[in-house]
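These two chains come separately, so use the hints to put the complex back together.
Residue numbers (my numbering), protein chains in the order written: chain C, 9 to 209; chain X, 2 to 376.
Calculated from the structure, these hints are not laboratory results.
Positions of the beta carbon are idealized from the N, C-alpha and C atoms, including for glycine.
Take these hints with a grain of salt, some might be off.
[To be verified] Here are the simulated distance ranges between beta carbons:
1. C:L174 x X:G121: 44 to 50 angstroms
2. X:V181 x C:H18: 39 to 45 angstroms
3. X:T117 x C:E206: 29 to 35 angstroms
[To be verified] Cross-link-like lysine-lysine pairs, in silico, DSSO-like; alpha carbons within 27 angstroms at most:
4. X:K322 x X:K137
5. X:K137 x X:K285
6. X:K79 x X:K115
7. X:K115 x C:K25
8. C:K105 x X:K115
9. X:K238 x X:K137
10. X:K96 x X:K370
11. C:K141 x C:K167
12. X:K79 x C:K25
[To be verified] In silico contact screen, one side only, chain C against chain X (beta carbon under 10 angstroms); selected entries:
13. P31
14. R32
15. I120
16. L123
17. D124
18. G125
19. D155
20. V156
21. E157
22. T161
23. F163
24. K167
Here is how the chains run, residue by residue.
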Amino acid sequence: MPVIPQPVTHLVAALAKLPGIGPRSAERIALYLVQAESGSVRQLADTILDARDRVRLCEICGALTEQSPCAICSDARRDASLVCLVERPVDILSIEKSGTFHGKYHVLGGKISPLDGVEPEDLNIAGLERRLKQEPIKEVVIALGTDVEGDATGFYLAKRLARDGLKITRIAHGIPAGSGLEYADEVTLSRALEGRREMAP
Amino acid sequence: MAAESTQRLRRTMHLAYLRLRDFRNYGRLDADFEPGFHLLLGDNAQGKTNILEAIYLIATLRSFRGVGGAPMIRHGQKGYFVGAKIVSQGEHEVKMYWSAQERSLSLDGRPVQKLTDYLGVLRTVVFCTEDLQLVKGPARARRRFMDLLLSQTHSTYLPLLQRYTQALRARNALLRQPIVDPVALEGFSRELVRAGDEIIRLRRELVPRFSPLAQEAHHRISAGAEALRLEYQPSVKSDFTTELAQSAARERSYRSTVIGPHRDDLQLLLADRAAAQFGSEGQKRTLAIALKMAQADYVTGIHSAPPVLLIDDIMGELDAKRRAGFLPLLERAHQARGQVFMTATEANWPEDLAQESLGWRVERGTLVKQAGSSG
Ligand SMILES: Nc1ncnc2c1ncn2[C@@H]1O[C@H](COP(=O)(O)OP(=O)(O)O)[C@@H](O)[C@H]1O
Ligand SMILES: [Mg+2]
Ligand SMILES: [Zn+2]
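Okay, chain X solo, but in the shape it has when bound (with noise of 0.2 angstroms):
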């Protein structure tokens, strides 16, 4: 192949073994992962997703079923273990255990300090039914959504969005007092306004460098029917401390912090119409699943590396043109030696969608590498 000119420049990132102990319905679980394309095939209920959640937790340290820990130790056990590889510029071994007495997390044998020592380690991209939520859903999705893409690219801001989280529960504590202290409460707002307006210039960068990525991913699975828009909708419109003083009775009443960053959202806009309200169910499935590309596509230019995809179930959803639309983006992931997990059931698998995979079969909590899969 001609690729491998290009290869070398490249840097990848893979998960090289995912090791599972009664996590889910895995009692027990140990499994080698090359590079490349994997296909998760089962009935439902096996537990094809508990992979990915797995895969997903190693890189975020959640679940994307945004569940805590206990509901994913396995029935009946006291905890759950998670090990993997993961081989990029080099070599790391996680290994995390949790129950609810105890919750370690090491990497390469040191227990993990800090948590931005951590993350990034492992970076993916999960394409699943609730990602509909980032168009339908509140306007927290959407922050969430920004801020994943932003913690993604940027190694100061989980702690800054830290940060002015503290500060906001401080001062909605402070707020709840009978009488306020207002010098202390202005303490708390500096501290809120500092963190707060880095978060907003953070957001209002990031938009305007994602917007182009998801309107194109979007003119491709939606065979250019609508135009999108991408719009960041600030709390703040142009001095938080003033804007915050302004909105003293307010808070009073509310007995809480009403303006700064925790009340952002980002617009989605079809044909410049709302989507969440005008948009068919259609329409927003398919702006959700634009977005997660375009994730994946931001990821990857930031990082020069493609992020690992999860993709749960989704094929079966979409129509043989959004897939064709959908396919470039396995096809680079696969040119850029990424790696690839994705599930299906047998019934819901689109034959034309049989390219070059690695099969696996989920059955009862086991994984067994198919014979005959083509590599």
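Bound-form chain C, shown alone (with noise of 0.2 angstroms):
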């Protein structure tokens, strides 16, 4: 039986807990890593480190950003009135790539999802709430996924969120039911955020 060396096991452990990698590709992953020019690796890492060092959350919206505030929200020419609140940062690159949207984001950070343990509670609503309060906000554009989580959360905050003087759409179908964001091209998006209906309260 061929025996392989203990660290390259810890590594492939490390590298299969990250998202979109199996067991395979991470066996790959590791093989390569231990076999290459150690110059590069050590870029990989530090590289790696650096990254997590400058990203941090947007302490307004929640985005992925190296300053907090975020650009988005720092930028006086965005609509203030009109905020766009979406599940996770990524979602926020999407509807940007779309470039129909002009006003400001909020990042849920997930959904009710009573089967893993996700409550209200759990999610940056108080954030929103606390920024209803503060900024002029006459409209939230409801853009989650529409699995039945996405859809269940959005009449959650239909609910929770309803107040005088304040707006509450959701993006239109036409993301492919059952589905995130990210599935939906730009086309489809820019046309989902045009077609945005209103919420009965």
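So, in structure tokens, the structure goes:
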């Protein structure tokens, strides 16, 4: 039996914990790394550490940023009366790519998922309620995925956020049913944003 | 044959080859199959049913024995591989691999992303001893039967059922929490009702369309002994939202959702009495087979192509009269250039069935074409 050195098995196990990397890919990457030129591996490690050290969450909206508040939150040209509510920081990128939205964002950090123990209080809803008091927000656009949890969370938020002078809309369907924003192409996404409809209070 | 002219109009579907690696007792199997009637003969425990199980797996990604992936891996091996070519309108190549660590499924060389893109590539109807559960078993067996019929005939049904199941599971998880957030619960109730109403509607439409076929099949194989009636029994009587609200106290004490399509049943009545309670063993068996025959007819009607029939060891169980009632199904499959796989042991193979068939001998995990079988 060939013996795999223990540091390699440790590395495989660590890599396999990363999202999207199965045991096979983890093994391939690990074997590549332990045989690569040591300077390039050190550079990769430094790049990972550097990125981790410099990126944080925006204190206002929850986006990934080097400086908090983030570029969008500090941009005076963006429409401060309009806030788009998304599940994860990467969803901001999808919507920005579509180029049709000129308001601000708020990252919820998940959706209500009773099966995974995620309750409303685990989401950044209180942060949004604070912003509703402090900022001149007139419309919240709910842009969550169209799976069961996304739709149920949208309903929950529409009830909880309802207050005088605030319009709550949700992006139009057209996003493939049961999926998240990352599966929608830019055209679909900009149509969905333009066709957003007010939710019954 | 005069069937030539009608053949052009008909669509067909058949399994052109099957490749197994470390599947059950098959270390290695490569077999080509023509359309037509295949008879798999062999002693007990040689691997006849295992072949049908593999074909059914290609069609549904499940075992008809109701087991998961692990038991299908050959003892002492890491994973199984099942490959197939299916010829219908076009040709499709399927490859699947299953092990504890790794699963993959590809169609025509590309990984399958969504089940709905895959299911329907091969349609099968299986006849096996487990079918008796349809009559004797709990309501779950009959719900699954309705689900199978609907997913074989409506491309939107399976995603709908998955959505309902997700909503149901999430809702039940909420109900188990010590303090239930009423707004969050309402959010999931809405999703449950939205998907559930659609499921109820489709099941309600299905039953009157399916019933005549079941009655006819039953009439044929029971020689008209008792009248069969199928009755859809939805858990929701008129309005899901209202009834869900009315069940609030009960679902609090059970800590789960007590009404909805996951509680539906399909009543089977012989001469107006519940077959499960009042039928004899023979009547139950006949009824189960009739339901499967009707499934084959129903799927054929919707797709204008007969499904591949997988018939596991049931002919021996039937007396000559009932067999005679079953034969027209095989006859029709034959005329439509469909494909049938039938297993039997030498001992229980009825002589009167020696019609045109392609013979195979199954012996300790090998499949050998029989010389002298007519084609
Ligand atoms: N995972 C497995 N690995 C190896 N052999 C298996 C496995 N599962 C079942 N078998 C064997 O397959 C045989 C049963 O096959 P089956 O197709 O049910 O037989 P039959 O010809 O009676 O229909 C038995 O010999 C059993 O030991
Ligand atoms: Mg068998
Ligand atoms: Zn920000």
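These are the hints, each one checked on the structure:
no.	hint	verdict
1	C:L174 x X:G121: 44 to 50 angstroms	46 angstroms, holds
2	X:V181 x C:H18: 39 to 45 angstroms	44 angstroms, holds
3	X:T117 x C:E206: 29 to 35 angstroms	32 angstroms, holds
4	X:K322 x X:K137	23 angstroms, holds
5	X:K137 x X:K285	7 angstroms, holds
6	X:K79 x X:K115	26 angstroms, holds
7	X:K115 x C:K25	24 angstroms, holds
8	C:K105 x X:K115	26 angstroms, holds
9	X:K238 x X:K137	25 angstroms, holds
10	X:K96 x X:K370	24 angstroms, holds
11	C:K141 x C:K167	17 angstroms, holds
12	X:K79 x C:K25	22 angstroms, holds
13	P31	6 angstroms, holds
14	R32	7 angstroms, holds
15	I120	6 angstroms, holds
16	L123	5 angstroms, holds
17	D124	9 angstroms, holds
18	G125	8 angstroms, holds
19	D155	7 angstroms, holds
20	V156	4 angstroms, holds
21	E157	7 angstroms, holds
22	T161	7 angstroms, holds
23	F163	4 angstroms, holds
24	K167	5 angstroms, holds
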